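Asker: Here's the letter readout for the chains.
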Amino acid sequence: MITAERKPLEELLGYIAPYSRILLLGCNECVTVCAAGGRKEVGLLASALKMAARKSGKELQIVEHTLERQCDPEYVEEVASMVAQADAVVSMACGCGVQQMAMRYAKPVFPALNTKFMGGSERQGVWDERCAGCGNCLLGVTGGICPIARCAKRLMNGPCGGSANGVCEITPDVPCAWHLIWERLEELGQTEDYLEIIPAKDWKTAQGGGPRKIIREDLAE
Amino acid sequence: MEQFEPVIVAFCCHYCAYTAADTAGSQRLSYPVGVKIVRVPCTGKVDAKHLLTAFEKGADGVLVAGCLVGDCHFKDGNVKAARRVEFTKKYLEEIGIEAERLEMVRMSAGMGREFAETATAITEKIRALGPSPVKGKNCCCGKAA
Amino acid sequence: MQKKTKLQSNGSVLVVGGGLGGIRAALDLAEARKDVILVDKAPCIGGLMTQLDRTFPTNNCDLCTVAPFTAKDSRGGHLDMRGLTTVTAVKGKEGNFTVSLMTAPRFVNVEKCTACGECQRKYPECVSFAPGLDPRAPTCMRYPKATPYAYVIDMAKCADKEGLKQCCPVGAIETDALPKVEEAQCGSIILAAGAALFDPSHLDYFGYAAQPDVVTSLEYERILSASGPTGGKLLRPSNGQPPKKVAWIQCVGSRGLQKGAGAYCSSACCMFALKEAMVTRERFDSEIETTIFYMDMRAFGKDYEKYLNRAKEQYGVRLVHSRPHDVLRPVGMDKLQILYTVDEAPKHITEEFDMVVLSTGFKMNEDVKKLAEDLAVELYADGFPKTDCFNAVATSVPGVYVCGTLQGGKDIPETMTQASAASCLAGAKVAVTPRPKAELPAVTPECAGSPRVGVLVTLCDHESTALDTTALVEYAKSIPHVVCAAAFEAACDPSSFDAVKAAILANGVNRVVVAGSSPRYELEKYQAMLAPVGINKYLIEVANIREQAAWVHAGEPAAANAKAKQLVAMAVAGVMAAKPLADHVVPANKNALVVGGGVTGMTAALELAGQGAKVCLVEKTAELGGVARNLVKTIEGGDVQALIADLVEKTTSHPNIKVFTATEIVDHSGQVGLFRTGLSVNGAYKEIEHGATILATGATPNQPQAFLLGENSRVCTQLDLQKVVNEQPKEVKKWKNVVMIQCVGSRDADNPNCSRLCCQSSIKNALAILKENPNARIFVLYRDLRTYGRFEEYYQKARELGVIFVRYSVDNPPKVEAAGHYANVTFTDVIMGRQVVVSADCVGLSTGFVASRKSNEALAKVFGLPLTDDGYFAEMHVKLRPVDMDKAGFFVAGCAHSPKVIAENLTQARAAASRAMTVLANDTLVQEAKFAHVDRARCAACLVCVRACPFDVPQITVDDKGLGRSYIDPVKCHGCGTCAAECPAKAIQLNQFEDVQILSSLDQLLAKVNA
Amino acid sequence: MKSIYEYYAKWIREGKLKVSSDWNKERKVKFTIQDPCQIVRKTFGDPIADDLRYVIGKVVGEENIIEMTPNKSNNYCCGGGGGFLQSGFTEARRAYGKVKFDQIMETGADYCITGCHNCHAQVHDIGHHFGGHYSTVHIWTLICLSLGVLGPNERAYLGDDLKDVNVFHPESEH
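Keeping their order, the protein sequence lines are chains A, B, C and D. Residue numbers for the first sequence follow this note's numbering, beginning at 1 and rising by one. Residue numbers for the second sequence follow this note's numbering, beginning at 10001 and rising by one. Residue numbers for the third sequence follow this note's numbering, beginning at 20001 and rising by one. Residue numbers for the fourth sequence follow this note's numbering, beginning at 30001 and rising by one.
Because the hints were derived from the structure by calculation, they are not lab data. Remember, it's a predicted structure, so these values are computed and weren't measured experimentally. A hint or two may mislead.
[Said to hold, decoys possible] With a straight-line Cα cutoff of 16 Å, these simulated EDC-like cross-link-like pairs (lysine to aspartate or glutamate) come out:
hint	chain 1	residue 1	chain 2	residue 2
1	B	10075	C	20748
2	A	55	B	10076
3	A	7	B	10093
4	C	20861	B	10093
5	B	10075	C	20857
6	B	10090	A	5
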């Protein structure tokens, strides 16, 4: 899941300052699950924007809507008439959704969220980063724990010298990914995997190789 | 000038604070007339949206009144409500509304006097703060509706 | 083991008397699906309560919370109510009584009479006083809208039958009607016909007969009442002017003080006077001086001490400890004089008052006495029935039970408790009558049609003095979508609902707003009342204009009226947004859980088991019997140990009772009819299922740090003292001086309430000591001697035997000091005005009880129940539902409710059993539509609800379209709404509290603020 | 149980007791009445007090009665009841009796009529002790006086103003 967090209200107010008719658009996928941009958050933000604007003497008209998914053109198409009646769109989707909207409509589209990472939920209300989207998954040899997403230094062959008592030297409340990997491999009886040297990673499959694209020839028209 | 009479929405749990307000009534313990009660089955039902909407519609203050810690009819609805109140307070600050306009209080069904006292105290506090900064331009500036 | 065969007939229970007690008893039985015949000689029901303006400790009337349920179509047809009916003969015995009933003719056809009053105008002498219709007899007027709403003719006084007949414009007068005589078969009989009030006419020194401004407390109540002779204005009968000073004189006709007075204490008058004084100041004029002349302020009920303190501190009611000598009105003077003396100064005080209220006590009603004698019920010399010392509702005749003031003077909560207890015992004698259950009304399309709202303003005048109901009705009519609005005055009257129903049908109303008291009282009542006219129960909204406007802003009518309007507008907005919902029916569990194995718990268990319920009795300690194990005898001489032995034997051998000792309650879930409770039985976990729960966990004997208790061997509690007297009579024979100190650890800051039982227990012990050692000198140092009811007779006996009672004030308490072999007690004797030191062989402290706070808190947490400030379990309604708890299916009995003596605990145990049977008698259970539901199209299956639910109800399930979405089982859902508040997709809504309902109310509430 | 006052009143009404107040027409001797607690307040109430007044009115003339305030059922105790006269505590008894004394003095009556021996003794004693000008007399004495049958021994304690009233008596003849 893609996780995100709401931007400070002040920043949003800055974006929409010139406009008074706003379409506030949520997304019922990842950002709903991470409580950042679902129907509920749309409602809260709408209230907050209206009140903040009113404070500076401006009455905002906000239309609230939440799409099934903002990163698909068909869903995005649904709001054409709403967009037509708005001066600007504030999207509560992840960056993908914002761009989908921006590509489709010739109206200003502003992000309400800072898209953070691909992660999972640890427990109610807590999410942490699990995947960096490197394009060449090596979880198979690291005990199911990703050293790229979860090691601050993206080390491939064991911890750095800063790992102490199982925690990372950069952020002490983050566990050292390599410590976790070792414990996990020990648990699985696969410590020999650890000894296997992982060669230097080819980052072309990651973002380092420029924007990526997936084409399924059987599906693509 | 007429004294500013704050409008305060009190979300009251049916099992405790709502009953406490009834008790205050039956004991004729007066509290300010601007305090208006919305009955909920549990403060756990009170959504951040309800709190923000109350302010948006012009409330000067909002009270969430739940059971004493450990007394929730539904285990911990009051604890969850308190977290939501804290979350909403941060939102309020971003908007530019004093966070102390929103308050979570706890009481038992028998505490009619406490209800009246709390309602009076929060009214006085809000009176001191003045009308909500986000009331509409045409608002009647705090005259009790 | 063979179960004892219970006598069960197929007849009815006969309840004689349609006052509150009779109504409660009849309703309990009808709800437990037993047939009941309720008769009252008056044409309408309600009894004494209907003459009261307000009742303590809630200071409101509340008749409307009970009376409507006596309506014909409620309670499954088990209740047959008959007015103007008397019992003329009774034959047979328990299980098979044949009773002859005579229904006097009204000479008026109730169906035709429109109560136009024509007959009364033309023939005033023969039209019987009809409550509320007749201005002639204001002081005995009953409630303004009687049931049924029609006149009664006294044919004996009619000289011109034909003329009378002709005068009626609708031909409703039937001059030839004859009394109807019927016979009925009854398994048992409950006498609930109330008591008469003492008539002080012959006590000329109080001037009652001669001075119009001297009135009885009931007459004063009528003067206060909106339906009274002055239309709710407090005016002096002599000159129609408002009084400035009103005095109450207590104990008139009670405590053996005057000629013709009962020797007993009437138990209710102290609280009654406090209430009248408070209401006087609150409702009429806070400048009116109110003074109560009293002997002992007997505020012994649950939280009554706090009521007393409120009267003194908040309302400024003046209390004077004195028995006034007389009430005078010197010739030429407009005011009354009361002559009295006070403790502090032995001089005469003459004080002027405008009105004097005599707090007259109860006495046996002669009609009732005659019926009791016909039934061969043994009576005391004063005419009240003798009852068993462990069973206050059982008379000497098997199958004949008593309750309420007929049994002895008492207040409403105790009447209600006894009524339920009597119905428990009487109900055990008759079988359940199967009746087809009414079908649940379907959610018809009309329910959801375009909203047509009806607004009913149901406050009676005396509850809403601050409110202008006419203006409120007019305002309601102006709200969009409101198609009709009306003030509806007699919510206590079942028949007046007919008018409401007619208005609803005539206007095509499909949504209703009830503007009245708290929804905690109104909602269920109106849901039941309006179901027959097709109003979906979830399309009824209550505007709480009583507690939240009329009462709380009683002093600011303008604000109260504005707020009431706003509350009504909010309720209209809420009901417009409401959706019709359907309840569903599930099979109910018919077992009971009783928590606490003391005498109360065992009695409750046995009563339930006797009526066929399977009972699980859980006791925390290893042994049954509870605190009563420390007691030897009751004041009447009842053998407590024999009682316990008998109860333990019966409980442990009863096939329907399973006893778990050394067992604690661990967890709990479910709802009425479907509870599940986890027990730790000697450390092993066990889960049981039950439909109802009775809490009988008792209280803890108090051990305060005071008067050298625990430090000096001469100082002990009354409980210890009783043991010493019983076990070491030789020691007792040596005693010269014994001092008892009352209210130790009660009525103070730490434990503000009265422990109720200590006064009688010290007198019990004093009498026991004197029996062993008639030469012992016994001093009882007290604050108010609260020997209510027949305990007063023991107080008198103790005084006759030489026990010396000395009053002390809380500012000048006695001192206890060790003095060698003795304990020296120093106290001030008010009468002698000196300090006295007594070298006591024994100092008995009346330490009373405190709530078992820790264990109560733990249980309250597991069960989700409220406690009072003092840590006792809080009942649902202190007055009318004294053993029901706020959570449906839970009942409380015994000292867990508040401290009381054994007989009272057992009465409460039976009352709780009776109330529990109203749940357990049902095979099925109607489940309210108060669950959360998921809009699966919106659901993102995010698991937030799954994680947030305190009861683990939501699950992500795959539906027929293969979509994994949240599902909330309506049967399991408790309806708290946490999931709805947390759902990030706003896919979950809680029935009855949907966002749109809350937001519409908010919108309305704040509409004018931002306009 | 009946009080003798009731019978006195009944017999006077029926003409069996031929009392007359003529002797006091000219003299205008004033009388006040002590209502005995036991008979009036604690037993029969105002009706018996009214009978007592009827009798006294017939005996001394209604116009010659001066009432104490309060009276009848509301009358104060003389202070001598409850065994007080016999039990010692003389000082306390007289202190209580002061209320009654003041009340009698306020009427200005020449005589206080008592119907009860206990009251008689107390009223007499306080009158003497506090230096009152009134005399104390029993109702029975006055009935006899008005009938003209009061014997010489019973006259001993009448005041000088009544010494010569209706002195005819068989015993006086000897």
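Asker: List in ascending order the numbers of the hints, as given earlier, that are violated by the structure.
Answerer: 1, 2, 4
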